[in-house]
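Undergrad: The primary structure of each chain is shown beneath.
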Amino acid sequence: MTAPLLQLAGVTAYYGSIAALKGVDLEVGAGEIVTLIGANGAGKSTLMMTIFGSPQARDGSITYDGQDITRVPTHEIARLKIAQSPEGRRIFPRMSVLENLKMGAAINGFAHFDEDLGRVFGIFPRLKERAQQRGGTLSGGEQQMLAIARALMSRPRLLMLDEPSLGLAPLVAKQIFSVVKELNERDGLTVFLVEQNAYHALKLAHRGYVMVNGRITLSGGGRELLEKPEVRAAYLEGGR
Amino acid sequence: MTAPLASPLPHALKDAAITALIAFGLAAPMMGLVTVQVGGDLALEQHWDRVAWAVGIVFVGRLILNLTLWRPGRVRTKLAVSPKLEARLMKLARWLAPAAVVIAIALPFLPGIERYQIDLGILVLTYVMLGWGLNIVVGLAGLLDLGYVAFYAVGAYSYALLAQYFGLSFWLCLPLAGLLAAFWGVLLGFPVLRLRGDYLAIVTLAFGEIIRIVLLNWYWFTGGPNGITNVPRPSFFGIADFVSGKDGFAAMFGLKFSGLHRIIFLYYLILALALITNYVVIRLRRLPIGRAWEALREDEIACRSLGVNTVNTKLTAFALGAMFAGFAGSFFATRQGFISPESFTFIESALILAIVVLGGMGSQFGVAIAALVMIGGFELFREFKDYRMIVFGLVMVLIMVWRPRGLVSSRTPSVFLKEKKAISGALVQEGHG
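Taken in sequence, the protein lines are chains Y and G.
Counted the way the working numbering counts, the first sequence spans residues 1 to 240.
Counted the way the working numbering counts, the second sequence spans residues 1 to 433.
Hints are all accurate, no fakes.
Stretches of chain G that chain Y covers, calculated by requiring three or more beta carbons in the stretch to come under 8 Å of a beta carbon on chain Y: (1) 281 to 294; (2) 298 to 305; (3) 308 to 316.
No lab work stands behind these hints, which were simulated from the structure alone.
Beta carbons: idealized from backbone N, C-alpha and C, even for Gly.
Isolated chain Y (complex conformation):
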C-alpha cells in the first residue's frame, strides 16, 4: 500500500491543561472517504482543527503528502491543498456569496476562478441564484453548501468537513452527503468527514474511526462499523 495522504501518529492536543486529544493515530488514504464519529465533546472537532494547526499538536506527528505539517501555521497548511469546511460553517455573513467564494480562491491567486466558479455553481445551482446575496441571509442548508463550495474553490486534494449535516433537514443533509460522494467518485477527491450523524456518515465512508474521550476506540470499514453492536448501541439506536 502506498503511503497515506494524511497520517496522524500519537497526536495529543490540549486546551490549557485539559487534554482534548490523548494520542490519536489515524490515516486517510488518497481517494478515500474517511469518517470520524463520536459523541459531543469526544474531541472530533479538536482533531480536525489540530490537523489545521490551531491548536497545534503538543506531541505526535501529522504528515500530509510526505511532509510533516505538525508545526506549520494554519494559513500555510491551507496552501497545501487541504481545504476545510469548519464546524458551524463559518461563512462570512455580511459578504456576498460571490465574495465568500472569492475568498476561497485566494490561495491559488484566482488562477482559474471562472472555471472553478462554474464548477461549484454546477454542483450547487442554488448558490448561483443567490450569488449576490449576503451569506448571512442564506438558509442553513445553503450556508453549508456555500461552506463546501468555498472550500472547493481552492481545488483541494483533501477536503475536511466538520459536521456538514448539523442543523439541517434530513433531506438537505442527504443532498449534501450525495454531493460529497459524487465529488469523491467523479473527481477522486479525498474526504475526511467528522460527523455526529453516524448512520449516514458510515454508510457513505470507505472507512471510519470512532472517538471516545480523545482516543480512537474503534476503526474499520464503514459498513463494518455500522454492523458492530457497540457502535449501534452507542451511536445509532442510543441516539434515537
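Dock chain G against chain Y, hints included.
TA: Leaving out everything else, chain G in the frame of chain Y:
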C-alpha cells in the same frame, strides 16, 4: 379596530401623573435645591418654580404622547424606510457622491463663502479624511481602535519636529509623516495581534494615551505642554510661498496678494488628500487584501483556514489606517502652525470613531456625511454652549435608534456576476449587526 375602546383619558392621566411624580422626585433635589456661598458658608437656595416647570412639562408632554403616539390600539406605522424608498435613495446616492465632490471643489468660489466657511470646510475635510482612514481599521478590518488619534499626533509631530530640527519642508515631510505613522501602526499592531473586540479596544486606548503622555513629558525634545510654535506654513508645491512681495505666490501668478490664498490652498490640499484616501480605500476594497480585511472582520478562524495570513492582514490594516492619520496629522500641523499634546486627547479618537460608526461602518459616503453632520453640527450649535454636548448626544442616540447600522448601512459587494447591485442593510438582518 373592531371593538370601540374605552376612553383612553383616565389611563393617560394616571400614567402622566406617575411620570410627573418621578420627575418631581428627580427634579426636586437636582433643580430645586442649589448650594450657594454666603460669606464663608454654604447655604441652600430653593428654586421651586424651576421644579414646577419641569414637572409641568413632563406631565403635559406625557399626557399628549399618551393620547396621540402611544394611544392604545393605535396602528403603528413603521418608522423604518421602506425597501422601495431605500432603493431609490441608493440610486440617488450614486449621483450624490460625485455631486458632493463637485460642490466641494467649487466651494471656495461660491458666493457667500468667506474665510470662516473655508476654515470650517478644512476642519470637516480633515475629519472626513481621518474617518476614511479609521474606516480601514474599524469598518473594514473590524479592529476596534480607540487610540487612532495617536497616529494623527505622530504625523503632526513628525512634521513639526523634522521642520524644527532639520528644516525639512512640508512636501518632504508629508510622505515621511505617513511612513512614520505607518511604522507606529505596525508597532502597535504586533502586541495586539491576538486581541479582539473589547481587549483590543483597551490596549489601543492605552496606546493613544501613552503617545500623548510621552509628548507631554519629553520636554526638551517636544516642548511638552508648551507644544511647538511656528511650524512652517506650506509653500505652493515648493515653488512659491504665500507671502506678499515679488517672490510670493500672488506675484508669480499675477494676482493681487491676499491672505485668503493660503487658506484656499490649504482647503484644496486637504480635499486632495481626502480624495486620495477615498480612492485608495475604494481600490483596496476590491483587491484581495481588502476582501481579506472584511473576511477577517467576519470570521478570523475561517480566514486562517482559507490560507489568509491573518498577521499580515491585520498589520497592513493598522499600517495603512495609521498612514492616512499621519498625512492628516502633518496637514494639521502645517495649518495650525502650532501643535501641543492638547490637540490629541482621547476625545478626538472618540469623535473620529463616532464618525465612522454613525456613518455606517465600511461605508465611505456615510462617513463623509457623518463627518459633515458631526463637525458642522458642532459649529452650528456653538451658541448653545454647554448644551451642545447634550444636543449632540441626543442626535447620536437618535441616529443609532433610527439606523442601528449607521447612516449608510448598505454594503456594495466588491465582486459581481453581471451588474452592480447594492444589498440593503434593512433587508438583510441576520443578527450579526
